[in-house]
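Colleague: Taking the hints into account, I'd like the entire structure generated from these sequences.
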Amino acid sequence: MSTSLSFPGQLDDYWDITQDKLKTEFEFRGYDWSQLFDALSLEQQRDVKKVCTISQFVADNIAIDGELFFQQVISNDIYQSLSQKQLERNLLTLINDSSNEGLPSEEQLFKALRIFRRRTQIHIIWHDLLRLAKTMNTTRMLSDMADVCITQGLNYVHAMLAEKHGEPIGKTNKIKQRLLVLGMGKLGAHELNLSSDIDLIFAYPESGNTSGNSRGRRELSNQEFFIKVGQKLIQALDTSTSDGFVFRTDMRLRPYGDSGPLVMNFTSIEGYYQDQGRDWERYAMVKARIINGEETDAGQELLSILRPFTYRQYVDYSAFESLRSMKTMINTEVRRRGLHTNVKLGSGGIREIEFVVQAFQLIRGGQEKELQTRELLIVLSILESEGYLPAKACKELRQAYLFLRDTEHVIQALNDEQTQLLPSDDYQQISQAQSRMSFAMGFDTWQDFLIELDSHREKVSHHFSQIVVPTDEESNDDQKSTKIEQQAWQDLWHGNFDPAQGHGPEERAFLQQFPCTQSDKVIEGIAKFRDSRSVKIMQS
374 MSTSLSFPGQ LDDYWDITQD KLKTEFEFRG YDWSQLFDAL SLEQQRDVKK
424 VCTISQFVAD NIAIDGELFF QQVISNDIYQ SLSQKQLERN LLTLINDSSN
474 EGLPSEEQLF KALRIFRRRT QIHIIWHDLL RLAKTMNTTR MLSDMADVCI
524 TQGLNYVHAM LAEKHGEPIG KTNKIKQRLL VLGMGKLGAH ELNLSSDIDL
574 IFAYPESGNT SGNSRGRREL SNQEFFIKVG QKLIQALDTS TSDGFVFRTD
624 MRLRPYGDSG PLVMNFTSIE GYYQDQGRDW ERYAMVKARI INGEETDAGQ
674 ELLSILRPFT YRQYVDYSAF ESLRSMKTMI NTEVRRRGLH TNVKLGSGGI
724 REIEFVVQAF QLIRGGQEKE LQTRELLIVL SILESEGYLP AKACKELRQA
774 YLFLRDTEHV IQALNDEQTQ LLPSDDYQQI SQAQSRMSFA MGFDTWQDFL
824 IELDSHREKV SHHFSQIVVP TDEESNDDQK STKIEQQAWQ DLWHGNFDPA
874 QGHGPEERAF LQQFPCTQSD KVIEGIAKFR DSRSVKIMQS
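If you're matching positions, the sequence shown starts at 374 in this note's numbering and goes up one per residue.
Each statement offered as a hint is correct.
The following label-pair restraints were derived from C-beta to C-beta distances:
{"no.": "1", "residue 1": "GLU790", "residue 2": "GLN820", "range": "21 to 27 angstroms"}
{"no.": "2", "residue 1": "SER456", "residue 2": "GLU668", "range": "17 to 23 angstroms"}
{"no.": "3", "residue 1": "HIS713", "residue 2": "LYS507", "range": "25 to 31 angstroms"}
{"no.": "4", "residue 1": "LYS547", "residue 2": "SER834", "range": "54 to 60 angstroms"}
{"no.": "5", "residue 1": "ARG591", "residue 2": "THR714", "range": "54 to 60 angstroms"}
{"no.": "6", "residue 1": "ASP817", "residue 2": "GLN772", "range": "19 to 25 angstroms"}
{"no.": "7", "residue 1": "SER613", "residue 2": "GLU416", "range": "34 to 40 angstroms"}
{"no.": "8", "residue 1": "ASP433", "residue 2": "PHE816", "range": "24 to 30 angstroms"}
{"no.": "9", "residue 1": "LYS507", "residue 2": "SER613", "range": "30 to 36 angstroms"}
{"no.": "10", "residue 1": "ILE390", "residue 2": "GLN839", "range": "46 to 52 angstroms"}
{"no.": "11", "residue 1": "HIS713", "residue 2": "GLN791", "range": "17 to 23 angstroms"}
{"no.": "12", "residue 1": "GLU400", "residue 2": "ILE678", "range": "56 to 62 angstroms"}
{"no.": "13", "residue 1": "GLN383", "residue 2": "ILE678", "range": "51 to 57 angstroms"}
With a straight-line Cα cutoff of 25 angstroms, these simulated BS3-like cross-link-like pairs (lysine-lysine) come out:
{"no.": "14", "residue 1": "LYS768", "residue 2": "LYS832"}
{"no.": "15", "residue 1": "LYS422", "residue 2": "LYS396"}
{"no.": "16", "residue 1": "LYS484", "residue 2": "LYS601"}
{"no.": "17", "residue 1": "LYS605", "residue 2": "LYS537"}
{"no.": "18", "residue 1": "LYS605", "residue 2": "LYS484"}
{"no.": "19", "residue 1": "LYS765", "residue 2": "LYS717"}
{"no.": "20", "residue 1": "LYS537", "residue 2": "LYS549"}
{"no.": "21", "residue 1": "LYS423", "residue 2": "LYS394"}
{"no.": "22", "residue 1": "LYS742", "residue 2": "LYS768"}
{"no.": "23", "residue 1": "LYS458", "residue 2": "LYS484"}
{"no.": "24", "residue 1": "LYS394", "residue 2": "LYS422"}
{"no.": "25", "residue 1": "LYS396", "residue 2": "LYS423"}
{"no.": "26", "residue 1": "LYS423", "residue 2": "LYS507"}
{"no.": "27", "residue 1": "LYS717", "residue 2": "LYS507"}
{"no.": "28", "residue 1": "LYS832", "residue 2": "LYS717"}
{"no.": "29", "residue 1": "LYS768", "residue 2": "LYS507"}
{"no.": "30", "residue 1": "LYS765", "residue 2": "LYS507"}
Since the hints were made in silico from the structure, they are not lab data.
Using N, Cα and C, we set each Cβ at its ideal position, and we do this for glycine too.
Modeller: Dropping the structure here:
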């Protein structure tokens with residue numbers, strides 16, 4: 374629990390404004406803010422003040438469960454970490470309380486999931502901003518929350534559809550089938566951030582049909598049944614209602630992407646990755662985890678299909694070429710989209726650290742089984758202990774990763790938005806946002822924070838370039854980048870951009886790297902000049 378707190382003057386002013394809004398919101402919901410706040414100890418008051426000043430999301434949402442929130446603070450329950458079992462109990466209580474008997478309705482399930490997410494998110498932000506939890510404990514709680522929402526949501530969706538169509542039965546083994554959910558990326562590695570989408574892939578063991586039911590509802594093929602299950606689960610997680618959403622759900626990493634079926638059986642999945650799997654899909658599979666039932670026979674069978682695709686049984690030096698190409702694409706995206714202030718995708722960001730670690734996993738993971746571990750920091754320790762990376766490099770990458778992840782969490786805690794961009798001129802009340810963020814990160818000023826951030830990013834960028842791309846190839850990348858910029862200027866002149874995107878998010882992003890703050894006017898001016906009579910005469 375915090376025992377001291379000193380607010381910069383600007384943030385004290387911001388707290389006064391925030392508290393006035395809280396008083397009004399609590400009164401609207403039938404609570405007395407002053408009475409509840411005054412009942413707290415001085416230390417607890419300081420903690421409420423700090424969290425609500427930094428996180429607009431918390432300030433906007435605690436009034437919904439006002440009395441419950443203050444009960445949790447007074448009892449110190451909010452200061453306790455949440456285990457996965459506790460999270461599961463909390464969600465099941467909400468689901469069961471929503472229905473008198475039997476299965477909840479779809480509306481009741483949606484509401485319970487969103488209330489659970491809101492309350493848990495407040496709890497985790499509280500822990501993160503007060504530094505009650507280490508960085509990776511925060512990511513673990515967030516990932517556990519997602520696991521519980523997916524698993525329990527899937528259980529109820531499956532039961533609802535099985536009541537209508539019967540249980541799906543395997544054609545060969547005659548066993549009841551369950552949909553398996555692969556969590557990809559940070560979710561798979563228990564490294565989810567505060568406002569992350571979740572990348573999923575759906576799979577089921579084998580073809581067959583449902584058993585039907587006593588009321589004569591027609592059978593469905595297992596494929597049809599599990600497509601319905603997958604669609605309902607996505608709706609349960611992704612749909613925005615008056616209670617908010619649970620998780621933005623992305624299915625584009627599945628075989629064939631958006632053009633492919635929503636679910637596939639194991640045989641089809643195996644055929645796809647054997648015949649058509651691409652290098653970037655190997656990269657994506659490094660962190661893949663079966664969220665519901667990894668230890669079951671079906672779960673182990675699916676992993677036995679995916680591992681040979683991800684990890685070659687030899688030291689796979691051929692992976693270097695694809696990794697170098699991916700590096701060039703990253704650099705191109707940073708330039709094209711103006712991502713220089715993005716702590717994930719920009720130079721020296723989180724993605725580069727992930728890339729360094731996963732490069733070793735792809736190249737040596739087939740022979741070194743311990744490198745098949747999903748958690749980045751654990752793999753980084755293995756790379757150090759086995760001598761694959763110098764101790765100094767591992768230390769600097771580890772420190773940078775934790776600092777960047779903390780920074781990412783604070784950015785997202787401000788407004789519960791899925792962004793990794795530092796507050797910039799695109800934000801309203803920019804100075805205030807920077808003050809809140811630097812205060813949350815433990816710095817007196819924004820400039821002090823930026824100095825530390827830049828130091829970490831420079832080290833990451835150095836190690837990224839040294840490890841992934843040999844020195845004699847760096848100049849080639851620079852030449853490629855120069856050609857890309859030349860092409861961008863040519864495209865800008867000729868107007869060769871997707872008309873569906875209107876007048877140029879790509880054009881504007883490209884121009885943002887140059888000292889010009891009115892890119893829309895520049896683009897419009899170039900277009901007018903290009904189409905002017907004078908230019909047409911010169912070109913004739």
